[in-house]
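*Asks:* Here is how the chains run, residue by residue.
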Amino acid sequence: MTARGLRSTTALALVAIALGACSNDTKSSTTTTVKAGTPTTVATKIAAPNPCVNDPGMTASTIKIGVIVPQSGPGALSFADTLGGLKARVDEANQTGELGSRKIVLDVADDATDPTRNGEAARRLVESDNVFSIVEMSSAANGSAQYLNSKAIPVVGWHVGLAEWSTYTNMFTFRQGTSVDQAHDYTSRNNDLIKTLGGTKVAAIGGANQASATFVQQIVKSIQQLKQISVAYTASDVPPDQTDFTSIVQRIKDSGADALITGMDFLQNTALSDSLTKAGVKLKVVVFPGGYDPRVLTLPGVEGAVFGLEFRPLELHSPSAVAFDKWAPKSVVRGQIPYVGWLSGETLIEGLKESGVSCPTRKAFINNLRLVTDWTADGAFDPVNLTTSFGKQFQCVFYVRVTKAKFVPLFGGKQFCGNPLKLS
Amino acid sequence: MSALLAARGVTVRFGGVTALDDVSVEVGPAGISGLIGPNGAGKSTLFAVLSGLQRPGGGRVELDGADITRHSPQRRARLGVARTFQRLELFGELTVRDHVVLAHRVRHQRRNLLRDLVGLGRRTNATETDAVDGTLELLGLAAIAHQPVHSLPLGTGRLVEVARAVATDPRVVLLDEPSSGLDPSDTARLAAVIAALRDDRHLAVLLVEHDVEMVLGLADDVTVLDFGRVIARGTPDEIRGDAAVQTAYLGSAE
Amino acid sequence: MLIFLVAGLVAGCVYAVAAVGLVLTYSSSRIFNFAHGEIAFFVAITFHWLAFSHGMNRFLAGAIAAFVVSPLIGLGLWAGLFRKLTHAPPAVRLVATVGLFVAIGPLSRIVFGTEQIQDLRGLGPYPHHNYSWLGVPLDSDQIIVLVTTILLAVALVLLLRYTAFGLSVRATVDAPSLASTAGINVAVVSAGSWMIGTTLAGISGIMLAPLRGYLDSQFTFLILGAFAGVVIARMHSLPLAFAGSLLVGVVQNLIRWKPIEDVINHVVNRDSVWVRGLQPSLPFLIMLAFLVCYRGLGRERFVVDNRRGTEEPDLLADAAPEADVAAVDPARGPSPSADATTVGRWRRLARTPPGGLVFLAAAWLFLPLWLHGSRALWLGLAGKGLCVAIIALSYTVVAGEGGLISLCQITFAGIGGLLVGQLVVNNNMSVLAATALAVVIVVPIGLLAALPSLRLGDLYVALATLAFAELVQNTWFQLDGISNFGSGVPVPRPKIGPIAFGGDTAFFRLVLIVFVLVAIVVRNMQRSTTGLTLAATRSSEVASATMGISIVRAKLVAFGLSAAIAALGGAFYVQYARVAQPIEFLWPFGLVWLAIVVTWGVRSPTAALLAGTLYAVTPDVFSSLLHLQGKWLEVPGLMFGLGALGLAREPRGALVQIREGRRGKQRRRSAKRDQRTAAVA
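Protein sequences, first through last, are from chains A, B and C.
Residue numbering for the first sequence follows the numbering used here, beginning at 1 and increasing consecutively.
Residue numbering for the second sequence follows the numbering used here, beginning at 425 and increasing consecutively.
Residue numbering for the third sequence follows the numbering used here, beginning at 679 and increasing consecutively.
Simulated from the structure, these hints should not be mistaken for lab results.
Mixed in with the good hints there might be a few duds.
[Said to hold, decoys possible] Using C-beta positions, here's what the derived DEER-type ranges look like:
(1) A:S358 to C:F1037: 51 to 57 Å
(2) C:Y809 to A:T387: 54 to 60 Å
(3) A:H184 to C:R1171: 28 to 34 Å
(4) A:T44 to C:Q1307: 38 to 44 Å
(5) C:S1052 to B:R534: 40 to 46 Å
(6) A:T44 to C:G1175: 50 to 56 Å
We treat Cβ as the ideally placed atom computed from N, Cα and C, and that holds for glycine.
With the hints as constraints, model all of the structure from the sequences given.
*Replies:* Here's what the structure looks like:
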């Protein structure tokens, strides 16, 4: 996959965290909103069979789990590190005997952020390697979604803003995905966030690709619709490689904006913020959609910026964060990407447990996990009802602000929620 | 006798250098016209102007009295002007026969891309084969017709160029130093071929040459260029005896 | 307004660094280094690694990276590759640098790992110091770039104009044979100037990384922006390269100035994809505008390329049949073109090497039988390989026959595939009908892409087609309906009446038939009058023109046909993937395909088949057959790029090399036999 694709997908990932992209149906075409046909979920839990009948990938002592993650190509830079977190969670489960007599064995495949290869990897894992279920941590997961659904394979992972995670009930993102009608089902959260932090005139800057531009345009629309604060300047056509923002900074300065929200690449977001500082423009609020990683704390342009997270900041030492820190090797960065891998692993273990540790089955996994009403991933976030939240736009995000080169949780460490907003 | 192809008062300047200065040359409706001159005299430039590869700063090119100065090389080819090149411009991997066939087809066959792609229909016909064979015979190339040209010696290559030029059924052929780099036997063969062009095919030929003797022996009339100007014009005998020509070639006569 | 202007000049200087390097490298070594940015990136991360991961003093690290590593890279590339391509046409050398471009990304990830360098440290102080000039903020990194650029440009001009070496360089470039008779060691001079080129790239990488980030994509895009300056400079004028780059920077920034932006908003809808795509496309629009101006309206220009002699091997030449007269026997399979001139259609068919068709027929029958059950995935991959092979055939037509290095074939494939998606979903067409319609629609688009550069020569064609690819990617590919928020548009497998081609076997067989048909069409074309015409225009434009052949028309035919074939391949590709997504059709993928096709031979449909199959199959061979992980998964990408370096040994491709090797063995064997019989007699 190319640099350009990397841009789009990284932006996509960031988009997801801030607002969650929506599904494919902007036109009236019906074929894109394929609802999950099989498998159907029943209202009650399915018990583990006794005596145990092994599903594919299972033996008395092992469960083979397939993992699809970009390991080559430019996209690897964004996703490969999730493996460290996933492996750490699997290590904990194996070593503490969370799955009874069985240990998890990971079978990792590379999709190079290419949807076609993602589909091929899924086929290989399922048909050749006979894995029990799949963990997907890739922006190209749509390449295999329909196939995996048709085979009733449980899938856990990171939604990265793809609508498939909200369409197929065999797919479980580690918390909650995006809505099904992307163009219209939105949230007031971005508007509310800026307002709460004291911003009144917003500058919204995005890149020239569809994901980033849509992100910005929807924020602008939401602000204009709610009429509580205003949009001072917006640009959604920044070239993907631009790091010199003098002109845009001048326009922001001239517009009198006191808040900035950006949807570009992390490199570009920081460059823009840095340019603003250089030009002496003081903003009350600067919001980045993603990039929570201790290694960025000292970069120019990061100080004072607000980052959105789909999980409780690690600084708050939730049980999940503590376990992550304990089980991840020192080489694994304590940041968003590896932690997402950990959380995906957490979801996997939960699904296996819900289907019955004595004899997990794919059917029970998909059915029972969906019935969980208070999913917190071991305290990583506030309880989520996996049945009612499915297919709906997530409204709540945790925010941290970089203060004196440290991530400081905002709002007392509580999640900040918006309300559903229908964009006209 | 009105000329078939003529340059009238052609001037060409490259930067500060005047390559051609008010040059007029005529190639009669039939017969061989010779063009000689020392190195740098402007012969190649004149050829470029006549064949449409170089636009003159001043003057005209006329074909049958019509002004073709602004015509593209392709258009001139359609009107019957053909040429060869001093530095061989052959189509490396094609065979000798290919060159002749292509030249013939460009002139005589209607383009049909669909037919070419689908491969239907007869590609060759008796007329084409006869014409091509005839040209190959004329140039003595029939024996090696299926050899790719990049493997041919220089002399043969020159003949291929002539064959290609002739195959377009031109009215006038411009030969650019065809004997350059050839040994005496090849030169003689070439001279015979050129004579045959005039006698058998009744073509008008403009022959630019370094080999003065060859031109004087072959041409019906000769023009001499030096430093971009015409310094003499006439029959071979007249040119032989011309003092200005002798000076140009040999320095001041003793 | 001043701020926007000055900001534009500063941004333009960044482009100028790259443009000057490119122009200088080209004018001194006749190599257009498509991998200039990649080399800059590689040296930059080498510097970062030395200075910040290994604690070396950063100036020392910079000096080593710039003056030891960069020239060594240049020397290595010269010795291994470019030395053997000194007489090859610029197009061949361009493709070699394309191979480099493809290879360096994977190489850097193998050597330095996949951990992204987050910081922006460089030679300057960190964090950078901020200054202000004429109200425009400037930081220390930018000042380093500006100052170094000017110094370098001045130093190079002095070098070229006033030193003996510089004189040798200019002489060598203009007339190598004359230069060598004058006592100039042409090889040393060419190597030296190429090494200066890579050193320039390395220096620019070290300087620019703190501004742009340590990501190879940043450098790729920088080079794209610099292409405008290169074109404005007509590949040879340093001042124009500088000025052109400044122009691009200024336009990009002035367009944000409120009065101008308001005018644009007044005229067009700013939220529309087409306007959004304008900003990133500006360098390409400027490039295309200058191409159109330079082309000299109406008159075809002719460059008698001194290197297109009949004795030098050429990327595009067919394998040479036997040279000796005795061995030339029409019955033994002469050069393909001869068939067109002497024999009827059926006799020709009979003479087609039966091996190829038999092999394909066998594959059609037996491959699905062997690859079933758990191996069915490989059959699926074979089908994918055939889709890519069809697209590769489009390279055979445009580059092999037309002699044009087109870098937007994948874009045509993408337009074809994405159109199929749209027609199926929005217009309820059947997949195969949509395919046919998409192919027809793409042809005029292909002609349009070709027009700006056709009269200007190979390198310009490459740049202009790249610009076209970028334009399409920035605009049409970004439409909501096309990219669909990253999910693409679902495409069903084809159906003819009751027969569905959804399974691996059926789809494989269908695409194999399509490939064979297209290969036959390509073969037909190669041997037809059109093929002869293209061979002629490839070899000598002047001779073709004076013969009455329209060069432009010939090239347009090649382009139009190749666009249609590419679109056909793209249509089947999206059917294989069952989804039409623009992300699959970005131009860097196409460069990989070009590199592989050229490696095996760009004149041969067999090479196209090999290229497609290798591309589809190799990554999975590495991961599932060889069970390699992590860094090793980058090796296929590296191999694809390096394969193009095989051009050095045989510019016509590996298939020709193999064939000639076999023929050489045959000849030697028969010669030995003759010797023995002669000795006996």
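*Asks:* Of the hints given before, which are not true for this structure?
*Replies:* 5, 6
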